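Novice: What follows is the residue order along each chain.
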Amino acid sequence: MEAIYALAIGVLTGSGVWLLLRPRTFQVIVGLSLLSYAVNLFIFGMGRLLIGGAPIIETLSKADPALYDDPVPQALVLTAIVIGFATTALFLVVLLASRGLTGNDHVDGNGPEA
Amino acid sequence: MNSWIQHLPVLPVVIPLIAGAAMLLFVEAQRRERTIIAFVATLANLVVAGMLAYAAGGSIPDIWPEGIAVYLLGGWQAPFGIVLVVDRLSAVMLMLTSVLALTSLIYAQARWKKMGPHFQSLFQFLIMGVNGACLTGDLFNLFVFVEVLLAASYGLLLHGLGQPRVKAGLHYIAINLAGSFVFLIGVSLIYGVTGTLNMADLAARAPQLAHGDHVLFETGAAILGVAFLLKAGAWPLNFWLPGAYSAVAPPVAAVFSILTKVGIYALLRLGSLLSASSESGAPAPFNDGWLFGIGLITLILGTAGMLTAIQLQRLVAYSVIASAGTLLAALGLGGAAVKGAALFYLASSVLATGAFFMLSEMIVRTQQFGDNVPGRAELTGLEDSPHPDFSDEVVGIVIPAAMAFLGMSFLGCALLVAGLPPLSGFIGKLLILSATLDGASPGSVPVSVWMLWAAVLGSSLVGIVALSRMGLRLFWSSEEIVTPRLHLTEAAPVAALLALSVALAAGTGPVMDYLSLAGESLSSPQTYIDAVLINNAPSAASSGLERAGE
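Going line by line, the protein sequences match chains A and B. Position one of the first sequence corresponds to residue 1 (the working numbering), numbered consecutively onward. Position one of the second sequence corresponds to residue 1 (the working numbering), numbered consecutively onward.
Extracted from the complex, chain B is given alone in its bound form:
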């Protein structure tokens, strides 16, 4: 029993890898086999993520006493070998990824997977990259997994082709390639100064650096932070985001909504480790002052973008930027309580934008825009084989009362994104705002807290204006609304994500218990460092090292 539980942390990487590779063995026509593999892998992923989240809560004390699961790949001891680490933060990211993956995979079954080859394989590799990036314990593997997810995302972005996608893809690939090079420069500079790539080891060694080396180290960390901020969609590095996210196929856009959060995860993880080790706090981009300012500007500009968007999917893309801004600003204020609340907001906003991206494509079908909507032209002109399985017809059962479903779901998504009661978006923002006040004594609240309050509340107000205007235009003032043929496989994922948001709101107590402990562990990373460096040294490996040292 214990022996296979010990191997749990590697499964989120191995399962999608094997599934994605296995699909390549079937030819394009064998869609049923591929679909079965995809669903088995995604469900297995969800189960593993659930078990890891359970274990990270400290529920399996005999294997992982502190709730931090360290997996030594190949049995090599931590600073020399590669480690995968699962703590509460990683577990939350894994859960979100697998939930989002399952729902958008179901959504893609109706029609999107038929739009081009190898959709399902690329989808699995994307999940593998996200999971790996959230699990890895060293910087270079973080780079490798980020490249894996980016390479898969390039393919998925172009899925379905068409000129708008190719144009957006061109920009997206160019900026991410440049970002990867920045990432590499930062990593190698840090390696050159400290001689280690393991994040825990880095945190332990950084304070021991001589002054000149420390300056170089901080420079390397700052360069690395720029790469993370680029991935996170922070101003002024986010101009690629609305174009890419509004051109991409909706089920892919839904999974993409976790990608910016991977950048935020990396900032959080490295920032927490680095800030513990030095008296002056974390280096610049991970530093509280910087994150707060960048986050605030990102939030304001993202909200302004929501107001200017004409196309629904573009509006949702801007709301991704706004949520990234809220998160960065909240994390920039620091404090364990704020971090826990920000994680709740992160979970809520990922679910909300995931549902909204899928919903936006269904809503667009009610409009008679003609063919200028991305994806629309290809859908109508799709030629496929005469086999009944591959016909242009959507699979599944047509759901009745399609318009009622669309309207209600739009309302739900709008409430979530704008942060109005009673859904989890409101609770996330409320938790962040109240957590910022908790630390300060009444009468001496810092100006930055009031700035955050003003920005978050203002963005909610502007978000409502933008969304209600969009809703009015789409549902009430259109000349002719076509009642679309919605199918259960398309409606169910959106409904499931919305139900999950309701559950998140209803279960705020237990969820926050978990997340606030995650926030606390981020503020005191010594447990993480000890778990990686000391506790998991297997006796055989360490004695071998001693022999080599003699």
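Just chain A, same shape as in the assembly:
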């Protein structure tokens, strides 16, 4: 599972960075989205990968920490998703404004086609 997980993060990051460096605004925003997925997966991975583990520890009986999932990365991912999503949405608005003002979708506003 670790290998597939790491591969997924790597592919997402690689594609994200490639798209981020493109001169077209739409490609930039798709690249940023891919990058944010990669980062969210990475945060999950930092909480250790565990299948079927519950995040809430039962304190009444003897609890083995090895059986439980770490809840903190899940909280972090939730926050990161909210913030990343909101700022990406804002970026989309700016992108549309730029498209409207310049008439093309080049990141510098001076693309070849009018």
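Derived from the structure by calculation, the hints contain no laboratory data. Given the structure is predicted, the values throughout are model-derived calculations rather than measurements. Wrong hints could be hidden among the right ones.
Between beta-carbon pairs, the in silico distance windows are [what the hints assert, rightly or not]:
1. Leu161/B with Asp64/A: 56 to 62 Å
2. Tyr68/A with Leu73/B: 21 to 27 Å
3. Phe26/A with Val482/B: 39 to 45 Å
4. Arg473/B with Leu78/A: 51 to 57 Å
5. Trp18/A with Arg473/B: 40 to 46 Å
Footprint (simulated), chain B over chain A, 3 or more residues, beta carbon under 8 Å [unchecked claim]:
6. 41-52
7. 74-81
8. 84-90
9. 95-104
Just so you know, even glycine gets a beta-carbon here, dropped at the ideal spot from N, CA and C.
Given chain A's structure and the hints, the job is docking chain B onto it.
Specialist: Only chain B this time, still in chain A's reference frame:
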């Protein structure tokens, strides 16, 4: 009395949050109500920051004996709950933010707040983000507050719209989003290795890591440092800065001049905590050698940029880069005395660039450039409601002798930015340079000190050349100078910031007493770590934890 003083550290976050949200309850036409809220909140912020600075000096020993105020949100004990920490460094940042916020808010009243909706709310949220980032004691909340300030800054950057701003905003948002992702990668890597996000706890746990984990930890810290350097405007991560800062509305640019300092604050705070805990010093980007080199290059390129700038606001933006470079290089040399001096320079340069950004827009009004200056076209073509309050006319009293005021203020700002006597910019640089020599015995001064001397003095010289050339072009050799209609609400903030710089220069003694103690506490962060982790464990919470552990 004591009970409400204990809640002081949370107020710099709560006040702007409530004020910004309350403004949204009024419709766009109710500008007077919004303005009243904005001023009440900003003044309250200034008062709270002043009280916190007083408390952080150790003046309220019965509550905060060491001068470090720790606020446990929800009463949860430090490594598990979220903490806000005020020490001298945080208090200085809070003071600077609130002073800058008040002056640029006054400046914005004349015309800029009318250029688009929700200016005042976004302004409050920006202040909330800056305050929170300077107060927070754990890494993830640092990320959250930095995002809050960035989200507000995206809105403010686009305030007034126009193609140059949208283009600059596109670049600014893209690079900061990428920077945020880098930040998150660093934070989560550190969490994965150490299992904690609290900065004090991190400093305590880092030395106990096994070798393999320690390498991962240093990698995480290095990635985090890249994100901070991006925010601080350090080379080679600062190419977004001149474009963004020269396109943005002047009162917003004035507040933006504190944003790069937030990056430097984060580097200082985390660097000081991490360096205490390991024998090998702080990890790479917080490390003395790295900061010094990066700072030196940033300083040189920022100064070169000042020389190449044609537009005044762009020149000031490059001077922000140059001041960031000076700070990074000075901090990179290490030593408690240098840190204190660097904090003085930080305060002086924030005030100077804040005043200069506001002034630059007023000076541009004297020129007949036509409509190619950002903000100019929108100002003349602004359509507003027929109500007298919302007319295109500037509010306030027209001040006489506008040109004399502009000239004198330009001179003052230029002296501050270039670092010439008698103003505080000169004293800041002088303090840094003399502090670097203090540690070394005569005859064996390290090469890095001479490099810093050469770079700082050289940048002052080049800065004078750039600024005097700009001054000559703007005031003396223009074909036709239009005497602008300046208003008291616009002139007063600039005058106030300049007066504050003079006061800073006059009161160097007491100010440096405060700041050098701040520098010393950064070099010996054990007090901070103890204050967060041990002293503030409330008995109820700790007994609850013991029960859970049984």
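Novice: Which of the numbered hints above does this structure break?
Specialist: none
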